[in-house]
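Chemist: Listed here are the chains, written in short residue letters.
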Amino acid sequence: MLGFIIQRLLQAIGVMAVMSVIVFCGVYAIGNPIDIVIPPEATQEIRDAAIQRLGLDKPLYEQYFIFMGNLLQGDLGRSFVYNIPVLELIGGRLPATLELVLISVISATVLGVSLGIYAGYRPDSWVSKTIMAVSVLGFSVPSFWVGLILILFFAVNLGWLPAGGRGDTVEIWGVAWSFPTLDGLSHIVLPAVNLALFKLAMMIRLARAGTREIMLTDTVKFARAAGLSEGTILRRHLLKLISIPIITVFGLELGSTLAFAVVTETIFSWPGVGKLIIDSIGVLDRPVMVAYLILVAFLFVTINFVIDLVFALIDPRVRKGATA
Amino acid sequence: MKYKKFLAPLAFALGLSAAGAASAQTLTMGVRGGPESMDPHFSALGSHAEAAKHIFDTLVWSGTDLQIEPGLAESWAPVDEDTWEFKLRKGVKFHDGSDFDAEDVKFSIERIPAVSGPTTTTIYVRRVASVDIIDPHTIHINTDGQAATLPNDFIRLFIVSSEAAADYSTPETAAEGFNSGAAAIGTGPYKYVSWEPKGDLVLEKNPDYWRGDGAWEQVIRKEIPNDSSRLAALKAGQVDVINYVSSVDYLALERDADIDAIKGDSVYIMNLQLDQREDTPLVRAIDGSDLDANPFRDLKVRQAIDHAIDRQTMVDIVLEGLGKPANQMMPPGFFGSSEDIPMPAYDPTKAKELLADAGYPDGFEVDLYCTADRLPGDGAICQGLGQMLTQVGIKTNVNAISKTVYFPAQARLEYSMFMNGWGTLTGEASYTLGGLAHTNNPDVKLGAFNRIEYSNPEVDELLQSGAKMMDPDQRRATYEQAMEKVMADKAYISLVQLQTVWGAKAGTVEFTPRFDEDTLAFFIKPAN
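Sequences listed follow chains A and B, in order. Just so you know, we're using our numbering here: the first sequence kicks off at 1 and counts up by one. Just so you know, we're using our numbering here: the second sequence kicks off at 1 and counts up by one.
No false leads were mixed into what you were given.
Below, a list of computed lysine-lysine pairs in the DSS-like style, where the Cα atoms sit at most 27 Å apart:
| id | chain 1 | residue 1 | chain 2 | residue 2 |
| --- | --- | --- | --- | --- |
| 1 | B | Lys-352 | B | Lys-300 |
| 2 | A | Lys-58 | B | Lys-403 |
| 3 | B | Lys-445 | A | Lys-58 |
| 4 | A | Lys-129 | A | Lys-240 |
Now the in silico label distances, taken between C-beta atoms and shown as ranges:
| id | chain 1 | residue 1 | chain 2 | residue 2 | range |
| --- | --- | --- | --- | --- | --- |
| 5 | B | Ile-317 | A | Gly-282 | 25 to 33 Å |
| 6 | A | Val-127 | B | Lys-395 | 55 to 63 Å |
| 7 | B | Arg-32 | A | Asp-57 | 30 to 38 Å |
| 8 | A | Gly-282 | B | Lys-263 | 21 to 29 Å |
| 9 | B | Ala-114 | A | Ile-172 | 33 to 41 Å |
| 10 | A | Ile-149 | B | Asp-65 | 37 to 45 Å |
| 11 | B | Glu-461 | A | Val-18 | 51 to 59 Å |
| 12 | B | Val-79 | A | Gly-74 | 47 to 55 Å |
| 13 | B | Gly-212 | A | Glu-62 | 53 to 61 Å |
| 14 | A | Tyr-61 | B | Ile-317 | 49 to 57 Å |
Treat the hints as calculated values from the structure; they're not laboratory data. Just so it is clear, CB atoms sit at the ideal spot from N, CA and C, and this is done for glycine as well.
Chain A with its partners taken away, still in its complex shape (with noise of 0.2 Å):
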């Protein structure tokens, strides 16, 4: 177990200073940031010093190694626009961004199991037909007009939910929150949902699948004729049988929308970290984009690494192959 860890963590390493030298270069290729940034009556000399000040007129190698050394003393340096750490930046959006992820991921897939495995279960009923028609819609309608449609019709016709930003919070631990105040979550509703539909739509198909050919094997067959009941089955038969994939994609899909909320970040003004990335892109804000995208590698390995080791506690198979 204990190799699997630090062959897991050499990897995470890895992935990291490859995406870094990327990030990096892709940046560098573009341009130079104070082409975009540097006001219209800046004159040369003025235009070399603001370049000086960056760092930005020693080669590229150079740059990197300064980044990756500072990095390495857990400095991820300052950000261009805003002349404040960028941890300090990202630290203060991720929460925003985390508890709303939280709870559209987690809703999404516990409602989504649910209907999925009452689809499966029974396929022929008329619920279970309409559950899958609107699943389809969940998957092919695009997030950023369902996410319009929902503030036109809540906010401005009906005036029930505000139309966007974050509303009150409280410090929990340190850290503002917003979920646990009746205005904070009114102001969650909305993004959550548009960020969820999508998630639902594919938790819903991947669970009735799944169920549909676990009731076939011989598993449920003997558990029947061992006279279990239909309930016992469901939930101590099935929904472990069907969870691995189940797992995989949740870990998946929480890792990608923790990343990349961004179309819903925007349209509701969520001042998240999907936010701050795009924005940050725009002005070609290097460290913050180099480090945010680092911190997402990160991210992504740590949550398959969850993944791995929630599959040895539900599947024996796993288990025994992974210590033997």
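Could you slot chain B onto chain A? The hints should help.
Modeler: Chain B only, in chain A's frame:
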């Protein structure tokens, strides 16, 4: 019907606090961009200065039409060739109760080079050599050579408190000191309460403001960069005023009785720029072979392009009416705009004749580059331009791209024909012509944004002499003459002047749109 009964009270409870946000004493503004720091000297970005104007005052004020007016300086006059005297306003107090005096001005000017970010504010003090305090309310600014437009440079020179900001004037400490509010002490109409990057800036009224009593007890400036979201926030009642309503939404708002759409002229003019180098990269014959020479060096070709453009259609169709045809690089009425420049006529037949005369009876092919995400309608204007030019035989491949890619490539001189907006933010011609029309020459600090290697010795001569003229009338005439020459050369072809739209809840507020597009809470009054 049951679910409605269940949902309605729930939604009412949830929506309650949102609706409560808009009270009479509070003005909530939804704006496209925000400050990058609470340090006013960090960035020269328009949205940064706009936010800073709420907390800090400038030495010289620029009015609604960008005319210069007294700010913290009551008057100014040149003492000799390279010295300006500024008389400071008496009895002005900072938010912490301390007095404003010459020490604060000197301190503010001197801290700029140390704390400025990449969008550098050193441009405002680029002509300042040194500052002498004569008495607490008189200062002398010694300039680096003659600087006739020094007061124009000072319209964004914010004055911070020399006491409060004393410990927060190095690159490492400035952001921390100002963002926490400790040093964000100004003389402006509102006091700092809280701010988070890309989030809300919360302000409260400064009861001792020297301009008089403000209308709002509290001002909240919310950053909502997405155009649709900003409008939705206004319609949902979360904000009272928004800026930059898109042209598409403007049409819908015209028919909406709940929302007032307020239209104002913008300083931004879209200019088509034609590379004047002997060798230009992105032009070729129709069959793909190389041309013998750069066609844009031929005046007839440039005139043909000018005649091929239907500016009125551009305004009416492409911009949905949110603009005006432009015949020069500055709006009419600005210092140095000429009234003698004719509006170019749309005449495709003549354009074809001119092209044939110039030796291109079959036309040629060119790649046109424009920004697509910087100003309202820029991408659409680019598309329209491509079609109009193709109709007279210049096969135009339209590339409307992100400003992130466009500006660095433009600075590397990679384009042959390109279009972007230019705003004369100072309201006078030395800013625009000095940057774009003078031969690029670092020795005289002119022409830094001339990316087409345009060079007309007569224009250079006029611009250099104009920069030294202390007599405003004489200077105005010189710049008008330079503008006429530049526009006659047609290396820069001005297309349209943009217009900007603000949205507000119908009948709630009154304000006059500003040319520089600033949305300033102090000048927004409740309608009664």
